[in-house]
Amino acid sequence: RGTYKGLVFACFDADAPSLEDYLGGYRWYLDIVLDQTDEGTEFIGGCVRNDFQANWKFGVENFIGDSLHASWTHDSGAKATTYNKPVPDPMPVEQDSFHANANGHGWEGGTDGLGTLGITSLRRPAIMAYYQQKRAQMARRLGELRATRLFGSVVSASVFPNFSYLPGIGTMRVWHPKGPRRIELRAWTIVNRDTPDEVRNAMRDACMETFSPSGVFEQDDGE
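Residue numbering for the sequence shown follows the working numbering, starting at 94 and increasing by one per position.
These are calculated hints, taken from the structure and not from any lab test.
Computed from a predicted structure; not experimentally measured.
Accuracy of the hints is not assured; some may be wrong.
Using 27 Å as the maximum straight-line C-alpha spacing, the simulated DSS-like pairs for lysine-lysine come out as follows [said to hold, decoys possible]: (1) K98 - K227; (2) K98 - K150; (3) K227 - K150.
Pair ranges (Cβ atoms, derived) [unchecked claim]: (4) R274 - D131: 16 to 26 Å; (5) D108 - P270: 12 to 22 Å; (6) R234 - Q146: 14 to 24 Å; (7) G236 - A107: 35 to 45 Å; (8) F105 - N148: 13 to 23 Å; (9) G133 - D108: 25 to 35 Å; (10) A222 - G272: 43 to 53 Å.
Yeah, the Cβ is synthetic: ideal placement off N, Cα and C, and Gly gets one too.
Start from the sequences and build out the full structure, keeping to the hints where you can.
Next up, the structure:
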């Protein structure tokens with residue numbers, strides 16, 4: 094077991110590698126969410142739980158293979174949450190799409206730095222305003238690629254075997270096995286500690302609208 098920037102990891106295998114070795118180079122991708130500011134991050138709004146009838150590894154597989162279904166499965170949800178305004182392809186296949194894999198952990202998505210932030214900010218401009226003024230600070234800590242091109246893009250990511258997150262929306266979740274064909278999903282909203290209350294509330298609402306038991310995209314994935 095061990096911790097990484099506030100996240101707690103545990104394993105029943107006494108012979109498992111250290112957390113540092115297990116995460117390896119993938120920490121570079123976790124830091125895009127966890128290391129944006131000096132103050133660090135925190136969860137807000139409690140934990141949301143719901144069940145799925147599926148093998149417990151399907152969640153992580155979906156979050157590092159979203160391109161297999163996102164463009165059509167989530168199309169109606171994207172239109173509903175943006176009131177049919179033009180939106181980016183939920184998972185574009187393009188020359189500069191970004192995919193990474195390390196120790197079974199994965200990250201996939203675009204590089205425009207805007208796709209997911211654009212969707213969540215259409216009705217919540219405070220989110221976009223907050224991150225626009227944070228970009229320079231993030232770039233000093235993370236570099237231009239992570240701060241301005243990867244963060245904010247349409248991205249799905251996972252740490253094998255049962256931890257997933259969506260950087261632009263702010264949801265982190267654990268797929269907890271309840272048997273071979275049942276998952277209990279435990280989800281949280283993550284924000285920077287220095288996030289103003291208005292933005293905190295907006296990000297929590299965006300998570301509930303998109304990835305919660307009644308969220309438009311969560312229902313797509315659950316089915």
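Quick rundown of the hints versus the structure:
Only pairs whose Cα atoms come within 27 Å are accepted, and K98 paired with K227 is accepted, the gap being roughly 20 Å. Proposed proximity of K98 and K150 is supported: the alpha carbons are some 25 Å apart, at most 27 Å. Note on K227 and K150: the hinted pairing is violated, with a Cα-Cα distance of about 35 Å set against a maximum of 27 Å. The hint said 16 to 26 Å for the Cβ distance between R274 and D131, and at roughly 44 Å that hint is violated.
Separation of D108 from P270 is about 21 Å and conforms to the stated range, judged on CB atoms against 12 to 22 Å. The hinted window of 14 to 24 Å between R234 and Q146 is violated, with their beta carbons roughly 41 Å apart. For the pair G236 and A107, the supplied restraint of 35 to 45 Å holds, since their beta-carbon distance comes to about 37 Å. Take F105 and N148: their Cβ atoms lie about 19 Å apart, and the range 13 to 23 Å holds.
At roughly 32 Å, the beta-carbon separation of G133 and D108 lies within the given 25 to 35 Å, and the hint holds. Judged by the Cβ atoms, the range 43 to 53 Å given for A222 and G272 holds: they are separated by roughly 45 Å.
Hints 3, 4, 6, counting from the list given before, are not met by this structure.
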